[in-house]
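The hints should help you fit chain B onto chain A, whose structure is shown.
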Amino acid sequence: MKKLLFIYLALGLSVAVSQNKQLLYNWEVTPQTLMLNPGALVTNQFHAGIPLASQFHINVGSSGVSVFDVFADDGVEINTKISNTISKLSSRDFFTVNQQLDVLNFGWLSKGLEPMYFSGGMYQELDAIAYFPKDIAILALEGNREYIGKAYDFNDISARADLLTVYHFGVNKQVSKKLTAGVRLKLYSSLISVSSTRNKGAFKTTVREGSANIYEHTVTDLDVEVKTSGFISLDGLEPSQVRKKLLGRALLGGNLGIGIDAGITYQFDNELSLTASVLDLGAIFHTKDTELYKAKGDYTLNGIELIFPELENGEPTIPYYDNLEDDITREIPVDTLNTGYTQLRPTKINAALHYDFGRFVGDNGGCNCKNNGTKQKRVSQAGVQYYSIFRPRGLQMAGTLYYTRRFGNTLSIKTTYTLDSYSAKNIGAGMFLNIAGVNLFLAADNLLQMSNLAKANSVSLQVGLNYILH
Amino acid sequence: MDVKITKLFFLLTSMLLFVSCFDGTDFDQANDVVVTPEIELDLIYFNLDASSFYNNATNTEVLVVEDTTDLDFLGGSDINDILKGADFFFKFTNSISRGFNVSFDFLSQDNVSRYLMQTNVAPGSENTPVVSYFVQSLDELQIKELTKAKKVLVTVTIPSSSQDLTGVLNLQSKTTYYLQIEQ
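Those protein sequences? They're chains A and B, same order as listed.
As numbered in the numbering used here, residues 1 to 470 make up the first sequence, in order.
As numbered in the numbering used here, residues 1 to 183 make up the second sequence, in order.
These are calculated hints, taken from the structure and not from any lab test.
Heads up, the beta-carbon is just placed ideally off N, CA and C, and yes, glycines get one too.
There could be a bad hint or two in this list.
As the list claims (entries may be wrong) - One-sided and incomplete, this derived list gives chain A residues near chain B with beta-carbon spacing under 7 Å: (1) Ile138; (2) Glu142; (3) Gly143; (4) Tyr147; (5) Tyr167; (6) Tyr215; (7) Tyr320.
Isolated chain A (complex conformation):
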């Protein structure tokens, strides 16, 4: 059995698969339910995630293109497929990778006059998003020849990547018979961060009556910036030294930040409840090991004007080319700065309505009195969930309809239908297995595409192993 579990985890970890964890939200999986809503209902007395295996989550997604679009073995020339794909994509399309690994996760019920459930731990997260820089991609791939008069917008460049560890501690309390609330404080330690999200300006090649040369190449109102943190000190280091440095940063040695999660559960009656949470409301303060590159200005290039000066013997010619380079550098200076900057975390919002129905799980009446009078679980739950995340170009949203079916206290299955930026036919399923307190869960979405991941716009997988004491 242990071997089987190990193989499962290893396989799960190797399968690349959404920041939106619609399957885990308000499900049986205690540590992760609390991570998604600190105000979730907790019915257990203690939990401990198996170190490094409590939860692994990965999501790879792209809103407008699938692997199949480009690599289909269909006899069409790949360069044609790339060209077709680019014309199909817009600068609002994006690629994302989000991965989380729970290193530690634990929690316990503190009994007493005011019972509270405390939970804490540490996880590592990699989060990256890159919008498709359509204009710049066209310029790089096709050049400007067929696009005379077109403005290539630098605003199209928007990308961000963060590697960080998060230390957290939360408290969950049943405030009244109907309301449970919770908060979680987070301390972020950034290992590496790079972002370029507020760019503007345009490059254009135009034909203008009366211009000095055939074309005018203009860069207008350029203002681009790339911010990095944690990179420069790694430059030139051996891989082993890089690992050592990153490990130090993972252990609170990086650029630090703080954040908060908060959430509630409100039970209208035995059947209907509402949950809501806000996650990662916070910021990281990049104060050390930062390097920022800024380019700003306007410039019009007409080529090089020769003036045929009368030169005496041996007199050097005019350094036109050097002058041109100096002009460009003067008009569009590129500055390298080492100033600090603050970066907001991508805040997420969850909200859901849940409806319980069917007979009760087990058969000991309608009240589970040991758990402070909270309602006993029924075999079926259905509901609607809302999820959104603040991204550089605004909110990304998803809506989910779900159904959860419990088979005794051993097995729980949740199925979801999600409508999001990636797809309108995302069906997911998760299974939660409880054997003598040892909990194993596995959840994946986009099952319709699971038989051929190549056609999927996004795939997400969560797997985890925890010990829960009821």
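Using the frame of chain A, we list chain B on its own:
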């Protein structure tokens, strides 16, 4: 019951993990990816007044005027590797009543000629300037030679001149660069 459920769990999750695959795809196609941008870029321009062809101080004709500029971007090995061809386009607008011979000699750093282009410009008049075009297309071999150059020497030759010669010889030019980037 529990044993059955456990088996069911592993059966279903196995299906999930093992059934998933990348079907009908051929990732070897990545080797065939070729990017072929075509870039239009202004080259040089000038306005040569007719007076440039006569030295009033010495009362002598100036039959040849020349100027040189570095074109540093041509000489880089990066561009050399991916440049597969180029079209040089020159547009002369002549309001001087003389024809011209204009040459563009692409020289290495030590002034060795790598590629020479030459053309004749038709005479015009101040009232009716004459436009002449000259296009030189270079294939991969020729462009490889040209990219060994670091500068261009522009020479404008007039067959004869006089003090009362009027008008302007205007040049506008651009190049289309054909790049090919592959793995």
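Hint-by-hint comparison with the structure:
With a least beta-carbon distance of about 9 Å to chain B, the hint placing Ile138 (chain A) at the interface is violated under the 7 Å criterion. Because the closest C-beta pair between Glu142 (chain A) and chain B is about 6 Å apart, less than 7 Å, the hint holds. A least Cβ separation of about 3 Å between Gly143 (chain A) and chain B falls short of the 7 Å threshold, and the interface hint therefore holds. About 9 Å separates the beta-carbon of Tyr147 (chain A) from the nearest beta-carbon of chain B, more than 7 Å, and the hint is not met.
Using the Cβ-Cβ criterion of 7 Å, the hint placing Tyr167 (chain A) at the interface with chain B is not satisfied: the shortest such distance is roughly 31 Å. Hint status for Tyr215 (chain A) relative to chain B: holds, with the closest Cβ pair at about 5 Å, below 7 Å. At a threshold of 7 Å, the smallest CB-CB gap from Tyr320 (chain A) to chain B is about 4 Å, leaving the interface hint in force.
Violated hints, listed in ascending order, are 1, 4 and 5; each of the other numbered hints is respected by the structure.
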